[in-house]
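A.B. asks: Protein sequence lines, in the order shown, are assigned to chains A and B. Each step along the first sequence adds one to the number in numbering that gives the first Met the number 0, with nothing skipped, and position 132 is 131. Each step along the second sequence adds one to the number in numbering that gives the first Met the number 0, with nothing skipped, and position 50 is 49.
If you are wondering where the hints come from, they were derived from the structure by calculation, not from laboratory data. Heads up, a few of these hints could be off.
Claimed, not checked - Calculated pairs, EDC-like style, for lysine to aspartate or glutamate (alpha carbon to alpha carbon, straight line, at most 20 Å):
1. A:Lys212 to A:Glu9
2. B:Lys251 to A:Asp22
3. A:Lys134 to A:Glu123
4. B:Lys50 to B:Asp128
5. A:Lys172 to A:Glu117
6. A:Lys172 to A:Glu120
7. B:Lys251 to A:Glu17
8. B:Lys251 to A:Asp23
9. A:Lys178 to A:Glu117
10. A:Lys178 to A:Glu199
11. A:Lys134 to B:Glu78
12. A:Lys212 to A:Glu3
Stated by the list, open to error - Quick list of the computed label-pair ranges, beta carbon to beta carbon:
13. A:Arg29 to B:Trp1: 49 to 57 Å
14. B:Val224 to A:Asp23: 53 to 61 Å
15. A:Asp23 to B:Ala141: 48 to 56 Å
16. A:Pro68 to B:Leu232: 47 to 55 Å
Stated by the list, open to error - Pulled a few chain B residues facing chain A out of the computed Cβ check, cut under 8 Å:
17. Arg3
18. Arg191
19. Arg217
The beta-carbon is built from N, C-alpha and C at its ideal position, and this holds for glycine as well.
One letter stands for each residue in the lines below.
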Amino acid sequence: MTPERVIEVERLTKRFGEVTAVDDLSFSARRGEILGLLGPNGAGKTTTIQLLLGLTTPTTGAIRLFGLPLREHRRQILQRVNFSSAYISLPFNLSVRENLDVFGRLYGVRNRRHRIAELLELFEIPEVVDSVTGKLSSGQVTRVNLCKAFLNDPEILFLDEPTASLDPDIAEKVRAALKSVQRERGVTMVYTSHNMREIELVCDRVIFLSHGKLVAQGTPREILERADSESLERVFITIARGGRLEN
Amino acid sequence: MWGRVAALLLRYLYLYRRSLARSMEIFFWPVMDLLVWGFVSVYFRQVGAPKAVLFLLGGLIFWDVFYRSQQAITLSLTEEIWVRNLLNVFIAPVRISEVVFATCLLGVIRALLSTTVLGLLAWFLYAFDLLRLGPALLPYFASILLFGWAVGMCTMAIILRFGHAAEAIIWGTPFLLQPISAVFYPLAVLPRWLQAIARVLPSTHVFEGMRATLETGRPALGPLVPALALNALYLAAAGAFFGWMMRRVREKGYLGRLAME
């Protein structure tokens, strides 16, 4: 049986005036899959994620999550989705417990105290629970943000450069935690990163964007074979400099 | 719905508990204003204008209710932009109406807190007994609070659309309305052409009604009707403006840009 498609994007286009940020983009993601969304700066990755979260409305095209059109079922869908980015933060003047408690309430999480403890344990930071968020190291803050992203036990998780500010040791632990949650709960993840080694380690499948268009997709191995390259980093550089892959 | 509204409200109450500066801000400026205007009104009493104490202190306290209520709505969302938490709120399964409602409730709490402190200080320093007149003034208190919500919704929509560049509007808008709202003087003092403009603001009727109530000690219901009718109109218009602006913000992708700036 084919795994259920939980993300379906059809001919998605977003124009900001004269600029086309996302151009006729179609792709899908299956339940439990980690999909890498790659491309140079300005390729349209962030806009695509914002469109998938309903923060920005598309110019044309359709987005369905869990088979439901995002436009009509946004709130129902958001209950089953979450997001973490290196570029957003939780209020720095609240304690970790207060922050996670507020978001736990917003997502209607039952037994919040237990859930918060469980997640802090998963990301190996149980000792920060009563610390003020602004006083944590950037690695701890990133992991608290990930705890927030897992609070509602999401079925789809959007991760925008989740390990950007982490040292290699912590980054490895975070990747291991993400993979373990993916395996155990079948969470679908849409993952962006500029660390191509990380993408090779984490992602089941990747799509490359350039100037808002999909220019290549497949498993990391397929992409490497097609590009006749030994590393995704070389592929990334080729695409960023306007080169093409053979399909 | 109530669970989500309570969660949002709790988020701001946690902030006040954690930040001495934010908690003091509720009281500091109003208390400073009360001291300055209170002593000015004492001086007026000494030179033979005893009602001036009533009107100045009443105007000051009611103006603060409007200001706190407008600020609570706008500043709450601006706070989310400052701490880069805006996207976390907007990707939660929360209706925008719930966010607005939570900030309105926060406005009520802030206004009640500062009114209590100002009322106590005014009684202690200037023998101005707000409590004695309290019930008669309550409809006007509610009315000025509603106008604060309406203005707060408009300024919040403008902040979401224009971002940091428009922050001056948070503090500037109330002071744009103050001279024509007849806060510290009767409407009749204004030039005739300006009176016509002032009459379309609910705040003008609130302050006129407040002065009439303070003067007689009985509820003056006359100005209350236009105040409430205008408030209903302004709230509906502010809601529509906010909804229209949110659609524009989503179309233009400003939400993501603002949240990650």
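A.B. asks: Does A:Glu17 lie within 20 Å of B:Lys251 when you go C-alpha to C-alpha?
C.D. replies: OK: B:Lys251 and A:Glu17 at ~12 Å, within 20 Å.
A.B. asks: Mind checking the CB of B:Arg217 against every CB in chain A and telling me if the closest is under 8 Å?
C.D. replies: Since chain A brings no Cβ nearer than about 45 Å to B:Arg217, farther than 8 Å, the hint is violated.
A.B. asks: Could you grab the alpha-carbon distance between B:Lys251 and A:Asp23 and see if it respects the 20 Å cut-off?
C.D. replies: holds, 18 Å
A.B. asks: Is A:Lys212 close enough to A:Glu9, meaning Cα to Cα at most 20 Å?
C.D. replies: Judged against 20 Å, a Cα distance of about 13 Å means the pair holds.
A.B. asks: Close enough to count: is the Cβ of B:Arg191 nearer than 8 Å to one in chain A?
C.D. replies: violated, 46 Å
A.B. asks: Is the straight-line distance between the alpha-carbon of A:Lys134 and that of B:Glu78 20 Å or less?
C.D. replies: holds, 18 Å
A.B. asks: Can you tell me whether the CB distance of A:Arg29 to B:Trp1 sits inside 49 to 57 Å?
C.D. replies: Cβ of A:Arg29 to Cβ of B:Trp1: about 37 Å, so the range 49 to 57 Å is violated.
A.B. asks: For B:Lys251 and A:Asp22, compute the direct alpha-carbon distance and say whether it is at most 20 Å.
C.D. replies: holds, 16 Å
A.B. asks: Given the hint that A:Lys134 pairs with A:Glu123, test it: the Cα-Cα distance must not exceed 20 Å.
C.D. replies: It holds: about 17 Å lies between the C-alpha atoms, which stays within 20 Å.
A.B. asks: Are the Cα positions of A:Lys212 and A:Glu3 separated by 20 Å at most?
C.D. replies: Judged against 20 Å, a Cα distance of about 25 Å means the pair is violated.
A.B. asks: Quick check on the hint: B:Arg3 CB to chain A CB, less than 8 Å?
C.D. replies: Because about 6 Å separates B:Arg3 from the closest Cβ in chain A, which is inside the 8 Å limit, the hint holds.
A.B. asks: Between the alpha carbons of A:Lys178 and A:Glu199, is the straight-line distance 20 Å or under?
C.D. replies: Holds - the C-alpha atoms of A:Glu199 and A:Lys178 are around 13 Å apart, at most 20 Å.
The structure does not agree with the numbered hints 12, 13, 16, 18, 19 stated previously, though it agrees with the rest.
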